[in-house]
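*Asks:* Chains as they are written, first to last, in this note's numbering: chain S, 1 to 273; chain Z, 274 to 500; chain F, 501 to 770; chain D, 771 to 987.
Keep in mind that the hints are not guaranteed to be accurate.
[As the list claims (entries may be wrong)] Under 8 Å between C-beta atoms, here's a sample of chain S residues computed to sit facing chain D:
{"#": "1", "residue": "Leu24"}
{"#": "2", "residue": "Tyr93"}
{"#": "3", "residue": "Ala131"}
{"#": "4", "residue": "Glu186"}
[As the list claims (entries may be wrong)] Which chain F residues stay away from chain Z? Per the calculated CB distances, all over 10 Å, these:
{"#": "5", "residue": "Gly551"}
{"#": "6", "residue": "Cys633"}
{"#": "7", "residue": "Tyr645"}
{"#": "8", "residue": "Phe655"}
{"#": "9", "residue": "Val658"}
[Stated by the list, open to error] Capping the alpha-carbon separation at 25 Å, the derived lysine to any residue pairs in SDA-like fashion look like this:
{"#": "10", "chain 1": "S", "residue 1": "Lys128", "chain 2": "D", "residue 2": "Asp775"}
{"#": "11", "chain 1": "D", "residue 1": "Lys847", "chain 2": "S", "residue 2": "Glu166"}
{"#": "12", "chain 1": "Z", "residue 1": "Lys325", "chain 2": "D", "residue 2": "Gly810"}
{"#": "13", "chain 1": "F", "residue 1": "Lys582", "chain 2": "F", "residue 2": "Asp626"}
{"#": "14", "chain 1": "S", "residue 1": "Lys167", "chain 2": "S", "residue 2": "Gly192"}
{"#": "15", "chain 1": "F", "residue 1": "Lys659", "chain 2": "F", "residue 2": "Tyr688"}
{"#": "16", "chain 1": "S", "residue 1": "Lys167", "chain 2": "Z", "residue 2": "Val494"}
{"#": "17", "chain 1": "S", "residue 1": "Lys43", "chain 2": "D", "residue 2": "Thr791"}
{"#": "18", "chain 1": "S", "residue 1": "Lys269", "chain 2": "Z", "residue 2": "Ile406"}
{"#": "19", "chain 1": "S", "residue 1": "Lys47", "chain 2": "S", "residue 2": "Ala33"}
{"#": "20", "chain 1": "S", "residue 1": "Lys128", "chain 2": "S", "residue 2": "Pro72"}
{"#": "21", "chain 1": "F", "residue 1": "Lys711", "chain 2": "S", "residue 2": "Leu271"}
{"#": "22", "chain 1": "S", "residue 1": "Lys128", "chain 2": "D", "residue 2": "Val780"}
{"#": "23", "chain 1": "S", "residue 1": "Lys136", "chain 2": "D", "residue 2": "Ile837"}
Since the hints were made in silico from the structure, they are not lab data. Since the model is a prediction, treat every value here as computed from it, not as a measurement. Ideal Cβ placement from N, Cα and C applies to all residues, glycine included.
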Amino acid sequence: MINSVKMYVGWVDLEMFVEGRGTLFFFMIFFFAVYYAIAMLAKQGRKWDLRRLPQLDAIVEGIGRAVELGRPVHFSAGVAQGGPGDPDRLHAYPMLRYIARECAQRDCRLITTVGRSEVYAVLDQIVKEAAITAGKPEWYRAEDVRYLGDDQFVYVGGVMGLLQREKVATNLLFGYWRGALINALEAGRLSGCLQIGGIGRFSGELGIMALGCDYWLVLEELIAASAFLSEDPEQIGTIAAQDYIKYVIIAISIIGALVFTAGIESLYKILIW
Amino acid sequence: MEFTINWMMVTLSVLITVAVYSFLYRENMAFRLAEHVIIGSFTGHALVMAIKNINESAVARVSVGEIGYFIPIILGVLFFTRYIREYDWLQRYPLAVVIGISSAVAARSFIEGWIWKSLQVTISTPLNNLDHILILLAMLIAMSYFTFTIKHTGVVGSITRIGKIVILLVFGLTIPFDLISRLGSITSRLEWMIQAAPYVTAGATLLVLLWIVYDIATKGVTEELRT
Amino acid sequence: MSFLERIPRRIIFLTLIIVVVVPILSPFPLPVPITKNTRNYYNIIEALEPGSVVFYGTSVETRDIEAYPQHVATLKHLKEKKAIVITYCFGAGTALGQEWVYEDAGYDELEYGTDYVHLGFVPGGDATLTAFCNDMVATKQVDHYGNPTATMPIFQKVKTIHDVDLVIASGGGTPGPDTYARIVVIPYDKVSIVQVPGAMAAMVYDFINLKVFRGGVIAQRGAVEYEAITGHAGRATTTFAPIFISSIVLILLMIFGNIAYVSNRMKEGQ
Amino acid sequence: MVGDDEMSIVLRRHIPVIIVTIIGIFLFFTYPIDNPVVIGTAGILGNWAMILASFALGIGAINMIVIHGRRVSEMRKGLWEPSLALLITMAAVLLLGLATSVKSDEYTLVYDTLVGAGRLTLVSLRGFFMFSAFYRAYRARALDGTVMLIVSILLMMYNVPIAELFFPQLNVFTQWLLDVLFVGGERGLRIIGGIGMIIITFRILTTADRSWMGREE
Numbered sequence: 001m002i003n004s005v006k007m008y009v010g011w012v013d014l015e016m017f018v019e020g021r022g023t024l025f026f027f028m029i030f031f032f033a034v035y036y037a038i039a040m041l042a043k044q045g046r047k048w049d050l051r052r053l054p055q056l057d058a059i060v061e062g063i064g065r066a067v068e069l070g071r072p073v074h075f076s077a078g079v080a081q082g083g084p085g086d087p088d089r090l091h092a093y094p095m096l097r098y099i100a101r102e103c104a105q106r107d108c109r110l111i112t113t114v115g116r117s118e119v120y121a122v123l124d125q126i127v128k129e130a131a132i133t134a135g136k137p138e139w140y141r142a143e144d145v146r147y148l149g150d151d152q153f154v155y156v157g158g159v160m161g162l163l164q165r166e167k168v169a170t171n172l173l174f175g176y177w178r179g180a181l182i183n184a185l186e187a188g189r190l191s192g193c194l195q196i197g198g199i200g201r202f203s204g205e206l207g208i209m210a211l212g213c214d215y216w217l218v219l220e221e222l223i224a225a226s227a228f229l230s231e232d233p234e235q236i237g238t239i240a241a242q243d244y245i246k247y248v249i250i251a252i253s254i255i256g257a258l259v260f261t262a263g264i265e266s267l268y269k270i271l272i273w
Numbered sequence: 274m275e276f277t278i279n280w281m282m283v284t285l286s287v288l289i290t291v292a293v294y295s296f297l298y299r300e301n302m303a304f305r306l307a308e309h310v311i312i313g314s315f316t317g318h319a320l321v322m323a324i325k326n327i328n329e330s331a332v333a334r335v336s337v338g339e340i341g342y343f344i345p346i347i348l349g350v351l352f353f354t355r356y357i358r359e360y361d362w363l364q365r366y367p368l369a370v371v372i373g374i375s376s377a378v379a380a381r382s383f384i385e386g387w388i389w390k391s392l393q394v395t396i397s398t399p400l401n402n403l404d405h406i407l408i409l410l411a412m413l414i415a416m417s418y419f420t421f422t423i424k425h426t427g428v429v430g431s432i433t434r435i436g437k438i439v440i441l442l443v444f445g446l447t448i449p450f451d452l453i454s455r456l457g458s459i460t461s462r463l464e465w466m467i468q469a470a471p472y473v474t475a476g477a478t479l480l481v482l483l484w485i486v487y488d489i490a491t492k493g494v495t496e497e498l499r500t
Numbered sequence: 501m502s503f504l505e506r507i508p509r510r511i512i513f514l515t516l517i518i519v520v521v522v523p524i525l526s527p528f529p530l531p532v533p534i535t536k537n538t539r540n541y542y543n544i545i546e547a548l549e550p551g552s553v554v555f556y557g558t559s560v561e562t563r564d565i566e567a568y569p570q571h572v573a574t575l576k577h578l579k580e581k582k583a584i585v586i587t588y589c590f591g592a593g594t595a596l597g598q599e600w601v602y603e604d605a606g607y608d609e610l611e612y613g614t615d616y617v618h619l620g621f622v623p624g625g626d627a628t629l630t631a632f633c634n635d636m637v638a639t640k641q642v643d644h645y646g647n648p649t650a651t652m653p654i655f656q657k658v659k660t661i662h663d664v665d666l667v668i669a670s671g672g673g674t675p676g677p678d679t680y681a682r683i684v685v686i687p688y689d690k691v692s693i694v695q696v697p698g699a700m701a702a703m704v705y706d707f708i709n710l711k712v713f714r715g716g717v718i719a720q721r722g723a724v725e726y727e728a729i730t731g732h733a734g735r736a737t738t739t740f741a742p743i744f745i746s747s748i749v750l751i752l753l754m755i756f757g758n759i760a761y762v763s764n765r766m767k768e769g770q
Numbered sequence: 771m772v773g774d775d776e777m778s779i780v781l782r783r784h785i786p787v788i789i790v791t792i793i794g795i796f797l798f799f800t801y802p803i804d805n806p807v808v809i810g811t812a813g814i815l816g817n818w819a820m821i822l823a824s825f826a827l828g829i830g831a832i833n834m835i836v837i838h839g840r841r842v843s844e845m846r847k848g849l850w851e852p853s854l855a856l857l858i859t860m861a862a863v864l865l866l867g868l869a870t871s872v873k874s875d876e877y878t879l880v881y882d883t884l885v886g887a888g889r890l891t892l893v894s895l896r897g898f899f900m901f902s903a904f905y906r907a908y909r910a911r912a913l914d915g916t917v918m919l920i921v922s923i924l925l926m927m928y929n930v931p932i933a934e935l936f937f938p939q940l941n942v943f944t945q946w947l948l949d950v951l952f953v954g955g956e957r958g959l960r961i962i963g964g965i966g967m968i969i970i971t972f973r974i975l976t977t978a979d980r981s982w983m984g985r986e987e
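When you get a sec, could you build the whole thing from the sequences and use the hints?
*Replies:* Take a look at the structure:
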């Protein structure tokens, strides 16, 4: 272990790190460097041919179904636990902007609900702006962006009632979902909705989503989907960054495991320094 | 059976419980009332806690002298500018602060808790027996499913195909654990209802059953009931 | 045959209500085989000599059907083994819950301060637990009931974590079992066992594989098994019957539902 | 006045985005730094977020009052009664909470009756819906669905003592699945989850994703 001798590497005083998070600091810098390099490349127009996600076409198809049936689409941005900036909530904003614009153009009623007040403030702006850019400011109805209570199950109770009362045709469950997900999914199934959902965080609800939804986007698929829907070349470029970081981690895992099996523990020591 | 306040409150909570359970048949006025009462009273509770929180952690600190806490109070008030037409962009400042805080605080715990810890465990398990090798393989194959820059065709396609199966296997192995505790919550809920107010429960359930029979009799077995 | 594939949801809900209500109205115990983790958990406590010290991280908030019966059965077993118990809680709610557990496990017959001590809520999470391991009395001067810990007979003998023979971790989230593992079990290499609700089972399997915890009572199933071995049929056993029957009914429904589904697809195929 | 126009664009769009970047980058990269000032600031910012959340709750409540108030005033059929109940109970709990302390017996009794019971019932509905989802959604469609179905049945027989009574070897296989494939697959998903969460956070910290702001101008 690097002992307490004052050791400087360039400008970094190695003493200033919390126990066990030294190498993590450099990994964070590396992670950001890879991301930023690819983002800049993408900004200058570099293109990657990325695998197309079928679930995105399902969303457009779902809105089409709602227009045919003349029934509303429901978009949820999740329950109360995560904050407005929680990484598992951030994918909801570009997706809602795309979906709201799509619904506005096709004159399809969109009901947006959320279980957290700050997020409600963001969603209201997004839906209003989508109506303006779609050229139909009067499509935006303040009553269709609803805040249903800062608790997971109080919120899902509202969603369950709403799905059946408003006869929702397509149920889009995104944002930060936890244990109450199964309630929303089965209430949607009871009222015959087409259900598309996404969870960005690793949690026990991934299986529930795979079980209850017709189309589901999990983990990095959802992060990539929200990049695709943002229609911003820089963000679409960052999907490639996701892959390159993955390749690096796969490399570290394989080399690390082999090296450790061979009895050399230095790589492990560096990692836990 | 003395009609104390307590008894009335227990009866009301049993009635709300039966109303919520009536959703299992279909959405109806009883469920709608219960749903709106729950949402309304919870928001009232949340407002009480919010006011208490603002007093204790902001106003109290400022009065004691920590001037720094004046900033969140001003930012908090800026939230309400959204109702003034030409100044509604001011609400972006409190949102920016909150989004900056909650995104970074969560992200930094993910990079350590999920990526770094997993990497540390992966490279500290020696590949000396088949199980450890399979654990590493399962991990890498599951990760391969989430690649976008490679086309999932040919050899890569078969690997990602197995990757999806491993992922669904993990899903299949997480859900049943939850099922047992969920079934447990039904048991404890029905147990509470039966023990707290047996007559009210019996009466309310009978009422719901009669209403279901009446509903089916008048509307016939609709398509919705067949799903 | 096609009916089996498309049983309407309302019928499924109705069967579940019946399957749950009937055992509640007339409860009956069940023969439960014992799994490996519960067996190891039992053996480690059974191997304790009288007077050995147990550091017990508790996590009971209500009389639920998972954590509460696990804690009551464990304490009854420790009482039989005449072990000295020190309970430590991460939450104020769990400190209150632990009072009922002591009552229901019959600990009011024992002598408080010599046979067991309830330290109650210790705020500060990781940092305080680390300090506590080095010097118990200095970190927690006053126990849950307000008595000073320095003068207690237990703490004349037990000063630091080294004087503890067994660590029992429990909890439904963070701080929880992984906190005890990271701060108490791994650094001081203590003999340790764990008890968790079902939702936390996946997280604990990793630790059991790494032999950090040598035994585990997991979910209500584990509680029912442990109550069976120790012979104290508690709340877990009486409320497990509805789950046991509904699980069997569900497995049958899933199997036959899919058989009907596959056979219908084949019929349509021809 | 051109200056005035530029100034408003900077105020409206650039400064909020820069605030997110500054706070985000600071909190993210100082996580491993063991410096009391840094940790102290992180704590203070955490308190700020909590205070702002309390303020924002007012907006949520106003939204609710406006929507349900309009339903009552327009006497919408089948909707105005529940909306009226919502407004009355919200006011009742709010006034009672302000009048007596949150820990008083009356308040907890009212809260448990109006919210506690109903909320716990919604929690228990998860059991019903999972039960029916297991039956209806678990279909042996293609290989993936079959794998998930078989594995779940195996685990259910492992959890509830069915396998033990009839065919104990099944549990050995299930235990192996849990110890090997599950641990490996879960670790892979955990890493993937981590990568996704950090990439999407970087997208907002490097001002690439500004959709949270709504209007672009």
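*Asks:* A separate judgement is required for each hint: does it hold in the structure or not?
*Replies:* Going down the list of hints, with the structure as the test:
| no. | hint | verdict |
| --- | --- | --- |
| 1 | Leu24 | holds, 5 Å |
| 2 | Tyr93 | holds, 4 Å |
| 3 | Ala131 | violated, 11 Å |
| 4 | Glu186 | holds, 4 Å |
| 5 | Gly551 | holds, 37 Å |
| 6 | Cys633 | holds, 22 Å |
| 7 | Tyr645 | holds, 27 Å |
| 8 | Phe655 | holds, 35 Å |
| 9 | Val658 | holds, 32 Å |
| 10 | S:Lys128 with D:Asp775 | holds, 23 Å |
| 11 | D:Lys847 with S:Glu166 | holds, 13 Å |
| 12 | Z:Lys325 with D:Gly810 | holds, 24 Å |
| 13 | F:Lys582 with F:Asp626 | violated, 30 Å |
| 14 | S:Lys167 with S:Gly192 | holds, 9 Å |
| 15 | F:Lys659 with F:Tyr688 | holds, 14 Å |
| 16 | S:Lys167 with Z:Val494 | holds, 18 Å |
| 17 | S:Lys43 with D:Thr791 | holds, 18 Å |
| 18 | S:Lys269 with Z:Ile406 | holds, 21 Å |
| 19 | S:Lys47 with S:Ala33 | holds, 19 Å |
| 20 | S:Lys128 with S:Pro72 | holds, 17 Å |
| 21 | F:Lys711 with S:Leu271 | holds, 22 Å |
| 22 | S:Lys128 with D:Val780 | holds, 22 Å |
| 23 | S:Lys136 with D:Ile837 | holds, 22 Å |
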